[in-house]
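Enquirer: Each chain, written out:
2 protein chains.
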Amino acid sequence: MARIALDAMGGDFAPKATIAGALLALQELDGVHTVQLIGQTSVIEAELASQLSRDQQIATGVRKHVEIVEAPDVIGMSEKPTAGMRKKPNSSMIVGLRLQTEGKSDAFVSAGNTGAQMASSAMLLKLQPGLTRPAIATVFPTARKPVIVIDSGANVDCSSKELLQFAWLGAVYAECIFGRPNPSIGLLSIGEEPEKGNQLTLEAHALLEGSALRFEGNVEGRALLESEADVVVCDGFTGNVALKTLEGTIRSVLGALRDEIRSSTRARVGGLLIRPAARGLRARLDPDTYGGGYLLGLRGLVVIAHGSSSRVAIANATRLAARGVEHRLVERLAERLPETRAESRAATIDA
Amino acid sequence: MARIALDAMGGDFAPKATIAGALLALQELDGVHTVQLIGQTSVIEAELASQLSRDQQIATGVRKHVEIVEAPDVIGMSEKPTAGMRKKPNSSMIVGLRLQTEGKSDAFVSAGNTGAQMASSAMLLKLQPGLTRPAIATVFPTARKPVIVIDSGANVDCSSKELLQFAWLGAVYAECIFGRPNPSIGLLSIGEEPEKGNQLTLEAHALLEGSALRFEGNVEGRALLESEADVVVCDGFTGNVALKTLEGTIRSVLGALRDEIRSSTRARVGGLLIRPAARGLRARLDPDTYGGGYLLGLRGLVVIAHGSSSRVAIANATRLAARGVEHRLVERLAERLPETRAESRAATIDA
Chain A
1 MARIALDAMG
11 GDFAPKATIA
21 GALLALQELD
31 GVHTVQLIGQ
41 TSVIEAELAS
51 QLSRDQQIAT
61 GVRKHVEIVE
71 APDVIGMSEK
81 PTAGMRKKPN
91 SSMIVGLRLQ
101 TEGKSDAFVS
111 AGNTGAQMAS
121 SAMLLKLQPG
131 LTRPAIATVF
141 PTARKPVIVI
151 DSGANVDCSS
161 KELLQFAWLG
171 AVYAECIFGR
181 PNPSIGLLSI
191 GEEPEKGNQL
201 TLEAHALLEG
211 SALRFEGNVE
221 GRALLESEAD
231 VVVCDGFTGN
241 VALKTLEGTI
251 RSVLGALRDE
261 IRSSTRARVG
271 GLLIRPAARG
281 LRARLDPDTY
291 GGGYLLGLRG
301 LVVIAHGSSS
311 RVAIANATRL
321 AARGVEHRLV
331 ERLAERLPET
341 RAESRAATID
351 A
Chain B
1 MARIALDAMG
11 GDFAPKATIA
21 GALLALQELD
31 GVHTVQLIGQ
41 TSVIEAELAS
51 QLSRDQQIAT
61 GVRKHVEIVE
71 APDVIGMSEK
81 PTAGMRKKPN
91 SSMIVGLRLQ
101 TEGKSDAFVS
111 AGNTGAQMAS
121 SAMLLKLQPG
131 LTRPAIATVF
141 PTARKPVIVI
151 DSGANVDCSS
161 KELLQFAWLG
171 AVYAECIFGR
181 PNPSIGLLSI
191 GEEPEKGNQL
201 TLEAHALLEG
211 SALRFEGNVE
221 GRALLESEAD
231 VVVCDGFTGN
241 VALKTLEGTI
251 RSVLGALRDE
261 IRSSTRARVG
271 GLLIRPAARG
281 LRARLDPDTY
291 GGGYLLGLRG
301 LVVIAHGSSS
311 RVAIANATRL
321 AARGVEHRLV
331 ERLAERLPET
341 RAESRAATID
351 A
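Protein chains in written order, with this note's numbering: chain A, 1 to 351; chain B, 1 to 351.
It is possible that some hints are incorrect.
DEER-style ranges, computed between Cβ atoms [what the hints assert, rightly or not]:
(1) B:Ala-342 - A:His-327: 55 to 61 Å
(2) B:Asp-12 - A:Val-269: 38 to 44 Å
(3) B:Arg-258 - A:Arg-63: 56 to 62 Å
Below 35 Å or equal to it, Euclidean Cα-Cα: the simulated DSBU-like pairs (lysine-lysine) are [said to hold, decoys possible]:
(4) B:Lys-64 - A:Lys-196
(5) A:Lys-88 - B:Lys-196
(6) B:Lys-87 - B:Lys-104
(7) A:Lys-161 - B:Lys-161
These are calculated hints, taken from the structure and not from any lab test.
Built from N, CA and C at the ideal position, the CB exists for glycine as well.
Based on the sequences and whatever the hints tell you, model everything.
Expert: This is the structure we're talking about:
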């Protein structure tokens, strides 16, 4: 049984979407887990009562798996993350993460300020020994199988050794959560040939090739949706640009299709007939289906969700946290990381 | 009347696609322009004869606007660009570009090795004074209006001053070709707030803000298809990843939609009804519709096309070159560049 701390106050649509998401996750998790709603108790209680009053059946089944943990301070989306932490030591983020350091919680989920969540997570949970940075691992929707992209936004300027660390983190993720033994690793670049790339990827290419990982070489942006690789490694700036380009393009193409369909009667009739098919596609490609990404490399479990997370996104982020606890993701990372450290040392000696 | 040199031997489907593309472009350009097919004369003549034999009407109208210029050497896609230039001084690329330096041609178009094309173009045509690098400007398909993305692949590691130069090049392009006076400039980053980005974009943000350009701040990957900005500036690595992610996502979403439609009889009927609408969308979003991008910053006009260019892509790249000549793009860049130089000097003094 996992105890998942959810930042009830974080995200553009909190606390409505966060609490609704928690309830949705609990219904589908069959009550095995507990969600700890972190935030201002009075606000959470009012919202919870209002949402539970709508469905008595859910209320009785789910309520006993919800805890409320008081956190009086709220950090705004525009506040500087570090300033926020110092000035507001009892924000929902800090309180939620502290529960984990105190052994009272197994995972933390937030759709609040990403920078604040990364900084507080690193400060409170600490990095795994041998790592220099945590990284966000996001699963991209894909035609064949999910692709893990790491780093998708935590570190804007990285070294090639950090990219090697990310590859290890992603590999353990793929093994542990998706059950892919010896997963394949691709390096995001601008051509499949080894000599294509920028200085960072050229160096990282050499390090990955010398590693014990199953490195398949460079992959291009177009491979993110149809990759043979289980894990795609990149710096956080590039990963974030790619992720947002992908999300924007999906939305834009589906929107343009809708407009085209509305433009004639014939197409409108056709549109009605393909509606169930289009809906399936939309659900599969919806970023909310993934909900969030793990912040990997810490001595604790953290899921970072989009600021604009809907109820469904929060529920999926909560489920992602539960899966991480069930599969002992953090423990298995800790077991495997000595291999990274050895390679990292070797890379230093070579350099 | 423009004389456009086309590398008949460049690209995955040359010379079939290149020659077919030239003929297609000439039909639509109403015979005002001349296409100079550069390559091995015997190969070109055979292919040209075979293609023209299919349609006598086109043959008589178009043939007189085609010139063949002999270039005996061919550079392979996998050869090192610089090695290729030295060993093969009479490749179609070098011969095509040399025509322009000799005043015998107005533009050069190739779907051959991009690295070779950039290196040869810079060597033969030379940079405009004050610039340190040429940049590829690609037009992204978009819902509202075309967005110029610069650099989309020429320079993998850039300085912030170079991003400022790219912004000027893109601005003159938007003004000159799309008739947008005082175009708006966005900087590709990972958040709209000025403090979001990597070291390069943070520095570039400050330079752009201090420039005479209409700088609108950071834009995210998702804005590439629906941007308010006329020009989006980035380094060539990021731009190339974004471009390929966008192309891959479009293909993947349309492919997934087709699969969903095939999955039930009801959807199949609907698919038939929306086919004209879907075809329109596909054409609009097809990268071939844009065909290629200008390599800007040189004292001559160069269009770089995808290696995988189809007939339609080559035709569009040829038209792009013709439009550049008609609108005096290179001359207008030269007129405006003193402004860049002044800003670039100011940036150096500040630094």
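Enquirer: Run every hint past the structure and note whether it holds.
Expert: Going through the hints against the structure:
A C-beta distance of roughly 59 Å is found between Ala-342 of chain B and His-327 of chain A, which places it inside the suggested range of 55 to 61 Å. For Asp-12 of chain B and Val-269 of chain A, the Cβ-Cβ distance of about 40 Å falls inside the hinted range of 38 to 44 Å, so the restraint holds. A hinted range of 56 to 62 Å for the beta carbons of Arg-258 of chain B and Arg-63 of chain A is inconsistent with their spacing of about 46 Å. Restraint check for Lys-64 of chain B and Lys-196 of chain A: not satisfied, since their Cα atoms lie roughly 41 Å apart, outside the 35 Å limit.
At most 35 Å may separate the alpha-carbon atoms for a hinted pair to count; Lys-88 of chain A and Lys-196 of chain B meet this at roughly 22 Å. The suggested pairing of Lys-87 of chain B with Lys-104 of chain B holds, with an alpha-carbon distance near 24 Å, which does not exceed 35 Å. Simply put, Lys-161 of chain A and Lys-161 of chain B have alpha-carbon atoms about 28 Å apart, close enough for the 35 Å limit, and the pair holds.
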